[in-house]
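Protein chains: 2
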Amino acid sequence: MSELNGTQKAVRWHPPSYDVRVDDIPIPQGHSGVHDVHICGHEFIGEVVALGSSFGAESAKGRPPLYSRLEVGHKVVSPFTVNCGECSVCRLGYTARCTGSLLFGSPLLNGGQAQYVRVPKAGGTLFDLSEPSTWASSMTETEKEKALSNLSDSSLLMLADILPTGVFAATQAINHPKVQPFITGKPWPLCFSSAPVPEGLQILDEDKVFTVAIVGLGPVGVCAAVSLLDIVSTRKIPFRIIAIDPNGSRREKMKAVYGAIDEDGKAGGEFVVVSVDEAKQKSKEWTHGVGCTAVLEVVGNTSALELAYDLVRAFGVITSVGVHQQRPLPFTGGNAYDKNVSLDFGRCPARAMFPPAFDLLVKRQDIFGTIGQPASLIDKIVDFGQAEESYRAFDKGEVGKVLFDPWK
Amino acid sequence: MSELNGTQKAVRWHPPSYDVRVDDIPIPQGHSGVHDVHICGHEFIGEVVALGSSFGAESAKGRPPLYSRLEVGHKVVSPFTVNCGECSVCRLGYTARCTGSLLFGSPLLNGGQAQYVRVPKAGGTLFDLSEPSTWASSMTETEKEKALSNLSDSSLLMLADILPTGVFAATQAINHPKVQPFITGKPWPLCFSSAPVPEGLQILDEDKVFTVAIVGLGPVGVCAAVSLLDIVSTRKIPFRIIAIDPNGSRREKMKAVYGAIDEDGKAGGEFVVVSVDEAKQKSKEWTHGVGCTAVLEVVGNTSALELAYDLVRAFGVITSVGVHQQRPLPFTGGNAYDKNVSLDFGRCPARAMFPPAFDLLVKRQDIFGTIGQPASLIDKIVDFGQAEESYRAFDKGEVGKVLFDPWK
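Chains A and B supply the protein sequences, listed in that same order.
Heads up, the first sequence is in UniProt numbering, so the first residue is 1 and it goes up one at a time.
Heads up, the second sequence is in UniProt numbering, so the first residue is 1 and it goes up one at a time.
The shape of chain A in the complex, shown without the other chains:
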């Protein structure tokens, strides 16, 4: 690591709040402690410039494959949290809650808005784009490599958080037991068995429509919508999707993204983008007052959860990937019982979700591969000289997602 001594440029968060500056700081070496001033950014991709002492065939025996396969020069995506890949939690795929998990860009772990980033437990954490055989995919190895060669760096950055989180929300909802009558076309609990449905117990075609609300159309909400459309159109599940945001520019973005998806990718259902009041009306109209079978809550505040509860049907599911604070839930135990409601909370296990997110990234390059277009999720790429101003503009809602190129 001799050539990596010295200083680098990094975007850093200065306490107490919202004082973001580009600073010259030392390149990270080995293990680091906790800093009061810390580097921002929980989404980053990069190229391996040095490997810690855990790497190499000798010490890597019985450890995650990357400890023996990762090499300097490989291109990698990092999930937004560290995960060891070696504890029981990680092995089960629940990487977001690895017992040694830390969040990048937090006071406990410097983030990715720097020229050099130290990734703890890197053999478990990183997604190695130079070793396509290490991840499951619907693509062949040749198809993966061809796809990789066509993906821009900005496109790959979607994998760090927003795309796997969107896929996670959709995956949880579609696999929930209370949703299975809609997926299998068989009533509960026959939906879990291979037994035939007795005469007179058949579900009608009109009952089978999978009605879903998406609350919040920021980048993750848009990714959840794209993932959900991909799943229902591929699996030919009749659907109705109500995409909701109080913010007009977010609704316009969602409409443009929906418009950019080819006809096959949204076949078999209806999709509307609406405000909160319109959503309640649409849900009533489409479900004859029964409510939505699933609600994806992608905001993380009390009013979003409250809306989700209002919209969900009895025996429906609320899948919440929003980051919630220590506030009371906006419904009682009695409310939850009376509606037979199910709730899935929590952080996306991004590392585990990379393979299906990668497949979707490749499939939807018309959205994820573009910059500054109406359907793009990235507004622009700037250098560190514009970083401080970009934070200010984002905070005021003047720009959407802005990427930093630390080498520009």
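Don't take each hint at face value.
Copies of the same chain look alike in the list, so a pair counts if it works inside one copy or between any two.
Capping the alpha-carbon separation at 30 Å, the derived lysine-lysine pairs in DSBU-like fashion look like this [unchecked claim]: (1) Lys339 / Lys401; (2) Lys255 / Lys401; (3) Lys144 / Lys280; (4) Lys61 / Lys208; (5) Lys9 / Lys75; (6) Lys208 / Lys363; (7) Lys380 / Lys144; (8) Lys280 / Lys266; (9) Lys396 / Lys280; (10) Lys255 / Lys75; (11) Lys396 / Lys236; (12) Lys61 / Lys255; (13) Lys144 / Lys75; (14) Lys339 / Lys284; (15) Lys208 / Lys146.
Rather than coming from a laboratory, the hints here were simulated on the basis of the structure.
Fit chain B to the supplied structure of chain A, relying on the hints for placement.
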């Protein structure tokens, strides 16, 4: 219905509270209104003595099969709620939340502790034991009929609520997406696909053990335990079950029930019956501090939910079939996010759950078919002359489940 004019005996609830009396009242005729004094009991079986005008081949076209098949003399079990079987909610199997649902034994609908009971929407509500072909089962028609001839009336009463509710709790947990890595032996999200698991991502045998806590060992909790044991032993899922109740006599009952199950029916795992404090210790010990993958909450109060939250692992599921009141949930949105917890609330769709509950009833006659034994869920059967005293004794915890025979 001419022979059904006159009066009958019934156990009735006199407001304001706990004043239970056996009264002589008119036999119900046609539609009835709301009474201040109402008949108790949401669990009952019976024999059809008269059919309403909706029944018969002519008017039954396109309606649930019972409207054309049910006949005077048929033996039936009623679920604890009315369900029409004809709305979209019922067709999906979510019978507990039928749009026209009413709870038997409530001020809105007289219950089953009478000699004659009027069952609204009976063609959708009742489970017709005389027509085994109308329900799906792992048994053949001949096996079903043979099983039926061996079942006592007291045994069949289990089907009205407690057994389907226990099966419902276990069914929800075993089918939850967050539980699938344990069931399939593949990490999330590969557990949902047929794709092979790449090298280095295999789950170890020790990770696959499905650890479940059952909070509350009343009759429904015991039924949930019996159902869960049946599912995991049949499907050969390695398991550890922690059955919890603060009440010593309930723990003794659970131990006796576990003892009555044959070795095949509990093979492949461990099962302990413990107090609340012991449960926390056992969960720590068995899961190395990670927590239980699923918690079945079968009590319906705040402290039971609080214990369930304490016991559940990150990315675990709490399946709550307890009846909750309008009290705040004992955890914040942040708690739910931080633990990636899933919650399933609500009332069992008993009518839809009858077929699997019936299969289990037949299989576990050593428990459900006995009376007054250590492993029995029914303590005794009495006549209406002992009904008032039985309510008093039950309220004081002096007896467990007592059945009334209104014709004795």
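Status of each hint after checking the structure:
1. Lys339 / Lys401: The answer is between: 28 Å across copies meets 30 Å, while 37 Å in one copy does not.
2. Lys255 / Lys401: So Lys255 and Lys401 pass the 30 Å test inside one copy only (17 Å; across, 59 Å).
3. Lys144 / Lys280: neither (42 Å within a copy, 47 Å between copies)
4. Lys61 / Lys208: between (50 Å within a copy, 22 Å between copies)
5. Lys9 / Lys75: within (21 Å within a copy, 81 Å between copies)
6. Lys208 / Lys363: Answer is within: at 27 Å inside a copy they meet the 30 Å cutoff, but 34 Å across does not.
7. Lys380 / Lys144: For Lys380 and Lys144, only the intra-copy Cα distance (27 Å) is at most 30 Å; the inter-copy one is 68 Å.
8. Lys280 / Lys266: within (23 Å within a copy, 48 Å between copies)
9. Lys396 / Lys280: Answer is within: at 29 Å inside a copy they meet the 30 Å cutoff, but 48 Å across does not.
10. Lys255 / Lys75: Neither, since 33 Å and 57 Å both go past 30 Å.
11. Lys396 / Lys236: For Lys396 and Lys236, neither the intra-copy (41 Å) nor the inter-copy (57 Å) Cα distance is at most 30 Å.
12. Lys61 / Lys255: neither (50 Å within a copy, 45 Å between copies)
13. Lys144 / Lys75: Only inside one copy: Lys144 and Lys75 sit 14 Å apart there, 62 Å across copies, limit 30 Å.
14. Lys339 / Lys284: within (16 Å within a copy, 33 Å between copies)
15. Lys208 / Lys146: neither (38 Å within a copy, 36 Å between copies)
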